[in-house]
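Undergrad: For the sequence shown, position 71 (counting from the first letter as 1) is numbered 71 according to our numbering, and the numbering increases by one without interruption.
A couple of the hints might just be wrong.
[Said to hold, decoys possible] Cβ pair distances, simulated, as ranges:
no., residue 1, residue 2, range
1, D88, G186, 23 to 29 Å
2, A97, L221, 17 to 23 Å
3, A97, L208, 22 to 28 Å
4, A78, Y220, 18 to 24 Å
5, T177, E105, 23 to 29 Å
6, G132, V196, 22 to 28 Å
7, P235, S163, 36 to 42 Å
8, H184, H117, 17 to 23 Å
9, T177, G132, 16 to 22 Å
10, K207, Y110, 32 to 38 Å
Note that these hints are calculated values from the structure, not bench results. Fair warning: this is a prediction, and the values are worked out from it, not measured in the lab. Note that the Cβ used here is the ideal one computed from N, Cα and C, for glycine as well.
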Amino acid sequence: MSEAGRSGLYSDTLASLERCVALSGGKEKAEMASQFSSSQKHTPLDSPSVSNSLDQPTGTSKAEPSKIDKRAQSAHNAQDIEFIGYKDETQIAEIMALITKDLSEPYSIYTYRYFIHGWPELCILARDLLSGKIVGTIVCKLEDVIKQASRRKGYIAMLAVDSDYRNMGIGTKLVQTAIQRMRHIGCDEVVLETEVTNKDASKLYGKLGFIREKRLFRYYLNGGDAFRLKLYFAPPLSYHALPQQQFQSTSPSPQPSFV
Numbered sequence: 001m002s003e004a005g006r007s008g009l010y011s012d013t014l015a016s017l018e019r020c021v022a023l024s025g026g027k028e029k030a031e032m033a034s035q036f037s038s039s040q041k042h043t044p045l046d047s048p049s050v051s052n053s054l055d056q057p058t059g060t061s062k063a064e065p066s067k068i069d070k071r072a073q074s075a076h077n078a079q080d081i082e083f084i085g086y087k088d089e090t091q092i093a094e095i096m097a098l099i100t101k102d103l104s105e106p107y108s109i110y111t112y113r114y115f116i117h118g119w120p121e122l123c124i125l126a127r128d129l130l131s132g133k134i135v136g137t138i139v140c141k142l143e144d145v146i147k148q149a150s151r152r153k154g155y156i157a158m159l160a161v162d163s164d165y166r167n168m169g170i171g172t173k174l175v176q177t178a179i180q181r182m183r184h185i186g187c188d189e190v191v192l193e194t195e196v197t198n199k200d201a202s203k204l205y206g207k208l209g210f211i212r213e214k215r216l217f218r219y220y221l222n223g224g225d226a227f228r229l230k231l232y233f234a235p236p237l238s239y240h241a242l243p244q245q246q247f248q249s250t251s252p253s254p255q256p257s258f259v
């Protein structure tokens, strides 16, 4: 069809549209249709703006393949994480590197060995099955609070999860596993300290039943305060429930010397 023929067909269609609008909506809608028709008379049907609006719906965009690939590569699946026990000394360097990233104060290798070699069954690791990388760990120990009362306490010394693997439930699983082991061993309670400013840690432990016992001012070397949190498996012992010899002394307590 020639350009003149197409233009005439288009004008007839717009005129019919104006009559339909006038019949159904009144004078104001007819004027709107008239304005629309006059603006379209100067826009050819083969105009790029018309064809593009028909070929690609509005409000949609195609993501760049490179960005999609990058997101896919950075995503980690919780099903690829396994929880294992401490094996040997070859793992300590990786454990130290993971924990040191988030520590408020440095620990020497002797501190790690004290906890891990003393209570290896309470050092639990989270490992990525695909890379073999250790991405989370918890380090704990046991204490006899009151030997005469057969009271045992578990202590969570360190907990860390790689920043690329957070919000996957790894930290929660590590703490739950450690709690189960300490309870199985015969602990009556579990204790830990966490920085007052560490809101995520406080939220995690709160969900697992820990309660805030006290605030420890300037507890860390950097001057930060800490909360001492406790989880009870058995009711705490009161003063009257303790053996009386705990409060009897055959000799006065030595006083510190300031000379």
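Undergrad: Now, for every hint given, state plainly whether the structure supports it.
TA: We went through each hint and held it up to the structure:
1. For the pair D88 and G186, the supplied restraint of 23 to 29 Å holds, since their beta-carbon distance comes to about 26 Å.
2. A97 and L221 have their C-beta atoms about 20 Å apart, which keeps the hinted 17 to 23 Å range intact.
3. For the hinted restraint 22 to 28 Å between A97 and L208, the CB-CB distance of approximately 26 Å keeps it satisfied.
4. For A78 and Y220, the Cβ-Cβ distance of about 31 Å falls outside the hinted range of 18 to 24 Å, so the restraint is violated.
5. T177 and E105 have their C-beta atoms about 26 Å apart, which keeps the hinted 23 to 29 Å range intact.
6. One distance hint, 22 to 28 Å for the beta-carbon pair G132 and V196, is violated here, with the actual separation near 36 Å.
7. Distance hint check: the CB atoms of P235 and S163 are about 39 Å apart, consistent with the given range 36 to 42 Å.
8. For H184 paired with H117, a C-beta distance near 21 Å keeps the hint of 17 to 23 Å intact.
9. In this structure the supplied range 16 to 22 Å holds for T177 paired with G132, their Cβ-Cβ distance being about 20 Å.
10. Roughly 33 Å separates the CB atoms of K207 and Y110, a value that falls within the hinted 32 to 38 Å.
The structure fails to meet hints 4 and 6 from the earlier list, while all remaining hints are met.
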